[in-house]
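**Q** Here the structure of chain P is known, so what remains is to put chain C in place on it, guided by the hints.
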Amino acid sequence: MLVHSFTELPEAIGDYGELTDCDGGRALRLKVQRVTPKGVIARVTGVSDRTAADALKGAELWVDRGQLPDAEPGEFYYEDLAGLKAFDRDGAQFGEVVGVENYGAGDLLEIRLNGVRRTELVPFSEAFVPEVDISAGKVIVAWPLEFEIANEAKDSDENE
Amino acid sequence: MARSVWKGPFIDGYLLKKADKVRSSGRNEIIKIWTRRSTILPQFVGLTFGVYNGQKHIPVNVTEDMIGHKFGEFAPTRNFPGHGGDKKARR
Chain P
2 MLVHSFTELP EAIGDYGELT DCDGGRALRL KVQRVTPKGV IARVTGVSDR
52 TAADALKGAE LWVDRGQLPD AEPGEFYYED LAGLKAFDRD GAQFGEVVGV
102 ENYGAGDLLE IRLNGVRRTE LVPFSEAFVP EVDISAGKVI VAWPLEFEIA
152 NEAKDSDENE
Chain C
7 MARSVWKGPF IDGYLLKKAD KVRSSGRNEI IKIWTRRSTI LPQFVGLTFG
57 VYNGQKHIPV NVTEDMIGHK FGEFAPTRNF PGHGGDKKAR R
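From first to last, the protein sequence lines stand for chains P and C.
Quick note, in this note's numbering, the first sequence goes up one by one and the last residue is 161.
Quick note, in this note's numbering, the second sequence goes up one by one and the last residue is 97.
Chain P with its partners taken away, still in its complex shape:
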């Protein structure tokens, strides 16, 4: 079967034992055959014919958080960071982490500010995020972010 994997390494989807559907009702075990540009080709234990495979088309598979190994020091699972409250250095809560992005230049915390819909991206580094406390559900952020130039109009002029 073709499986779209969202694990860090696509083939790692077979390493977490039983995968369940979103209700946690049905358990499936994958045996990865190979990785292709379209996704991971895997055999599903207990599914041997085409009709049974067809019934699984479009199914979403989930891994229980407890099945993931502990993160190394200084590493945090994206899922653990999402939902943390963001505090500034003075202890005032200004938003909530809604996700983590990485566009190839380091991890970025996506923080939704209180009372507004827009989100801000903060570099996930010691300088900008000095403290992460998963158990307390909070991150300390060097907020507001300091920008090199206050007068954006000047930038625009230079850009033209």
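These aren't lab readings, by the way, just hints derived from the structure by calculation.
This one's a predicted model, so the numbers in the text were calculated from it and none came from an experiment.
Quick reminder that beta carbons are idealized off the backbone N, C-alpha and C, glycines included.
A few chain P positions that, by computed beta-carbon distances, are all more than 10 Å from chain C:
| # | residue |
| --- | --- |
| 1 | GLY25 |
| 2 | ARG27 |
| 3 | ALA28 |
| 4 | ALA53 |
| 5 | LEU57 |
| 6 | GLY59 |
| 7 | PHE88 |
| 8 | GLY116 |
| 9 | ARG118 |
Partial pick of chain P residues on the chain C-facing surface, computed with a CB cut under 7 Å:
| # | residue |
| --- | --- |
| 10 | PHE77 |
| 11 | TYR78 |
| 12 | TYR79 |
| 13 | ALA106 |
| 14 | ASP108 |
| 15 | GLU127 |
**A** Quick look at chain C alone, frame taken from chain P:
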């Protein structure tokens, strides 16, 4: 066709001035830039730039292996909201 070597890397002039200013201040500041076409030079390593993607400035922390690439490569203009999976963030 690749750019001729004799021309040197392309970079918008004001970027060098901004980078020098921030480096001399020694503070953790994000340098807001709109120039996605400029090449990343060795003197930018260690600085954080806010590269405009048409909507907002995406923080780009420059490391050695990014030298020679363009700033725009690290600030996508379209976004696919994927899933966390087992991905880990590192500080």
